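A.B. asks: Residue-level listing of the chains:
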Amino acid sequence: MSAAQEYPKVYLYRRIVQAKLFIDVNYADKIDLDNISDEAYFSKFHFIRLFKTVYGKTPHQYLKATRIEKAKQLLREGKPVSDACFLVGFDSLSSFSGLFKRMVGQSASAYAAHYQQNKEQKAKTPLAFIPGCYAYQHGWTENSNFEETDQ
Amino acid sequence: MITKMTVTNIHVLDQDSAYDFYINKLGFTLVDDIPMGPDTRWLTVSPPEQPDLQLVLFPVKVSKMFPKETADALIKLIKQGIFGCGVLTCNDIFATYEELKAKGVEFIKPPTKEFYGTEALFKDDSGNYFSLQPLNNFDQQP
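First to last, the protein sequences are chains A and B. So the first sequence is numbered by the numbering used here: it starts at 1 and just counts up by one. So the second sequence is numbered by the numbering used here: it starts at 1001 and just counts up by one.
Since the hints were made in silico from the structure, they are not lab data. Incorrect hints may have been included.
Now the in silico label distances, taken between C-beta atoms and shown as ranges [unchecked claim]: (1) Pro1035(B) <-> Ile31(A): 32 to 40 Å; (2) Gln116(A) <-> Glu1049(B): 39 to 47 Å; (3) Lys79(A) <-> Glu1069(B): 40 to 48 Å; (4) Phe86(A) <-> Glu1069(B): 25 to 33 Å; (5) Met1005(B) <-> Pro80(A): 47 to 55 Å; (6) Phe86(A) <-> Met1005(B): 35 to 43 Å; (7) Gly56(A) <-> Asp1072(B): 40 to 48 Å.
If you're wondering where the values come from, they're calculated on a predicted model, not measured in any experiment. Where is the CB? At the ideal position from N, CA and C, for every residue including glycine.
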């Protein structure tokens, strides 16, 4: 925002932020973006434009991104792909899978498998993933339980 | 040749509370959460658009490097709000301010125009303070 622009109107910002927080809380439900924009501002198109100026995404793009982020979190927690899909508000596994692959760059099942593999490795040899200076400060290097590796 | 900073630390008083603050309030991404003994974790988070910078949420506890009097002194200073952790960048400082405030983040200063740009100051759950600034505060300088 350039210095030449006016100090923004607080009430307008609050409405846009409330719409964003509404998506953050209700992403898993069948939320109607028309209703959000109606509540946030008088004109739908004006609202969408303002939302995009503030967040860099339209409300719909933001909703999709939020759902994929939450799906990633569920996959990391070990939920099956189909559960992750429906728990974040998708109706169809194929539209979820397609969007996931486009946004994340790998399929949901590959993402989950890589994460679990990485997690097992970290549990097995945690000190291989922690900078030595921190391990030393905590006194972890003296603890033989954490020094066992397969090497 | 040094090229980047990839790991730095924030001393925190309670890792569970810091986890909630940095993940659920600030919206940071969890990188690692590895149990390292009964009540300590290797806990690191990243700013959402900067995955190659890990912030270690480093618990202040008595250990090899922290004799009791050192830990006590550090805890006292953190609680007094002596330590600033740096500048966090956002796209829109007014929206970010409203959002963080709605989530219960304690601000020391609302977005204010300074000679170097607009700045807000807030504290984390331990007392460490951050400066919140929009992207263009410094990148316009020659």
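A.B. asks: With reference to the structure, classify each hint as holding or not holding.
C.D. replies: Now the hints, each set against the structure:
no. : hint                                 : in the structure
1   : Pro1035(B) <-> Ile31(A): 32 to 40 Å  : holds (37 Å)
2   : Gln116(A) <-> Glu1049(B): 39 to 47 Å : violated (26 Å)
3   : Lys79(A) <-> Glu1069(B): 40 to 48 Å  : holds (47 Å)
4   : Phe86(A) <-> Glu1069(B): 25 to 33 Å  : violated (55 Å)
5   : Met1005(B) <-> Pro80(A): 47 to 55 Å  : violated (38 Å)
6   : Phe86(A) <-> Met1005(B): 35 to 43 Å  : holds (41 Å)
7   : Gly56(A) <-> Asp1072(B): 40 to 48 Å  : holds (45 Å)
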